[in-house]
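*Asks:* Chains W and Z are the protein sequences, given in the same order.
For the first sequence, our numbering gives the first residue as 1, with consecutive numbering after it.
For the second sequence, our numbering gives the first residue as 1001, with consecutive numbering after it.
Quick caveat, the hints were computed from the structure, so don't treat them as lab data.
A couple of the hints might just be wrong.
To be verified - Here are the simulated distance ranges between beta carbons:
| id | chain 1 | residue 1 | chain 2 | residue 2 | range |
| --- | --- | --- | --- | --- | --- |
| 1 | W | K9 | Z | D1302 | 29 to 39 angstroms |
| 2 | Z | N1141 | W | A276 | 42 to 52 angstroms |
| 3 | Z | N1050 | W | R201 | 46 to 56 angstroms |
| 4 | W | Q97 | Z | K1257 | 27 to 37 angstroms |
| 5 | W | G231 | Z | K1080 | 45 to 55 angstroms |
| 6 | Z | N1141 | W | T91 | 45 to 55 angstroms |
| 7 | Z | T1241 | W | K274 | 23 to 33 angstroms |
| 8 | Z | T1164 | W | K274 | 50 to 60 angstroms |
| 9 | W | G231 | Z | P1431 | 27 to 37 angstroms |
| 10 | Z | K1257 | W | T91 | 16 to 26 angstroms |
| 11 | Z | N1141 | W | K274 | 47 to 57 angstroms |
| 12 | W | K274 | Z | N1050 | 25 to 35 angstroms |
| 13 | Z | K1257 | W | P202 | 46 to 56 angstroms |
Don't be surprised by glycine CBs; every beta carbon is placed ideally from N, CA and C.
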Amino acid sequence: MNKIIENKKLSENVIQVTLEAPFIAQARQPGQFILLQVDENGERIPLTIADVDTNAGTITLIVQVVGKTTFLLSCKKDGEEIAYVVGPLGTPTHIEQFGNVVCVGGGIGTAPLFPIAKALKEKGNHLTVILGARTKDLIILEDKMKAIADEFIVCTDDGSYGIKALVTQPLKNLCEKEKKPDLVVAIGPPLMMKFCSETTRPFHVKTLVSLNTIMIDGTGMCGGCRVNVGGKTQFVCVDGPEFDGHLVDFDNMIKRLNAYKKQEEHKYHECKLKNA
Amino acid sequence: MRHLTPEKLQQNAQEILKEISLKETLTPKDRNSIPAQEMPSQNPLERKKNMQEVALGYFQEQAQLEALRCLQCKNTPCIKGCPVQIDIPGFIKAIGEGNNQKAIDIIKQNSLLPAVCGRVCPQETQCQEPCTVGKSLKDVNKAVSIGRLERFVADWERKRIVETPKVKKETGKKVAVIGSGPASITVAADVRREGHSVTMFEAFHKTGGVLIYGIPEFRLPKKIVQLEIDTLKKMGVTIETNFVIGRTRTITDLLEKDNFDAIFIGTGAGLPKFLGIEGENAIGVFSANEYLTRSNLMRAYDAQNVDTPIFKSRRVAVLGGGNVAMDAARTAMRLGAEEVHLIYRRTEVEMPARVEEVAHAKEEGIQFHLLQNAKRILADDYGCVKAIECLKYELGEPDKSGRRRPVEIKGSEFIFEVDTVIVAIGNDSNPLIKQTTPGLNTNQWGNIIADENGQTSLPKVFAGGDIVIGAATVILAMGQGRIAAASINKLLES
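My request is simple: use the sequences and hints to build the entire structure.
*Replies:* Encoded structure:
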């Protein structure tokens, strides 16, 4: 059982949950994630870690409510408990001095991106941050990112905040500069990561993406999370979650994410009716 | 299909037993004339729609009769076939005499998990293979049913109040056991008994390892495993679930920060193999590990109450011929598939699955396709499985394993319509601990190297079970656990 210290709404469908998890807080490194099961009969879902407080022994998750499990999580009140949390899982991000680094966050993808960006900055990289979302309300962690970025760009699809553009546009501009990026880290919805990878490909700029696929155990045992990377089957939970975006078969991955879509929608609908 | 009801089997046994009890002594001829006792089971037409245990266990009369079939051979070939050398003739004799307590006491001298092993051991290749009775009847399936008798007395005991094993005075020494499957359960019990404090770490939220996530309820009821875990708890073993060694904490942390005096690694074989064929990442292709974990550990079969989804299938192909393949095929049937096809590249003789599981699978309507193998999986525009292309094989010369090597027949490809493919062709070793433990030696397959005492290349660190031997059996894992526990106890004694 893990106690919820604080559960707050960041926007209509985005919550920020701070949980008691001392061992995870201590062990976690940028790029890693957790698996969570809200109650005994719940499903295990992978969620990224936005921040930790090792002194308080807490971890902070930023979660978009998309189905039953995340909805139930959003209903939990401060002081209530989550049945199971396990982690930190996945291979940590390889942090070194690359030089010119661009971190691109799409929607709540900014949450797992933040600790990575911070670590890259601390290693002495020149950090450019591009944040993007559909609309203004969905931009998260802007202040925190701004505080660590050497250059900061924000854009929205509808133009309600920052420049009216997809993140790929400023990314392309940066790639076209004489001093192009040495590394791009793009985290967000699968399509956004796919198009970021397509944007940097012609410029041969190494692009890391962080995948969030269907998982059960998160330790390599089930293989449900597998993706095709450069023609080889890889497990997101142990080989990833970060991969070279130029090698990931995003189309297959996106299809696999929909494997249980009907059943998931049905459960979510049922649950919302019950909790209405 | 012939299926005798449990009542009928009991009645038959009662009659024969009555006849026999009139005789003062039984000659070998008398013993030989006792019919091999069939395992009472749920009706196949019923059970393929439920998750309850298929094999119901012998009745007292059947157990006694089956025990009386044993010739009490002086040279005890059965003991030589048992990986943990249980005194088989001894416990069988006790059952024959109606002394079940004595029988279970004898078994427990060597085995910690008789209710589990009696159900899942491949007896026909172990203790029952060299049985004189089976040899004289020229049919290994007519050997004395040692496994069923083992199960019988273990179940008999479970219905009584079982004393918790005695624990010696606390020594103040600390032992970490990583994993909670059969090897780890054994180590935890044997080490705790000596008075050392034991903490068991399990990555999942439930303990029992493969016995929980892998083997279905219909073959091994979860309450049997739970009882073993409860016993450990009563003995004072601390259990930490949702704790991944290698991630939440490393082996080095356990030694250096947490001051454990010894560590046992029993993490099992946990990295599913895939075929490396076209289409295997299509929607509807699963490792048996995933499929079974969804159903067993997460109870996805109970869709009314549980959130974990499982694929709804109409026509399923299961690739493989081991117990896991049988479990997956039979689970798919229970989850409502119209047809389940098992595809295996050798013949039934070479199948590694237990004979009883193969028989049960067939009775339940699983269709066997032997000497065939998948060549590629075809998907529709949505990326969902629509068919599988197979290739026919014939048996060639024996390979290293002594089994005749299947050789493909060129041009024999054919396409078979399915919507689900479950891959059950084995597991590789999980690299998590290897990658995070400097100095821990592994072999070319990634299995941890341990000597005959279970000692790894690191001081104070021992290992056993599938992570050492590769995917094997519960009894071998338990046997290795026993040895490692003895080594740990010896280490801590000094």
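*Asks:* Could you check the structure against the hints above and give me the numbers of any it violates, in ascending order?
*Replies:* 2, 8, 9
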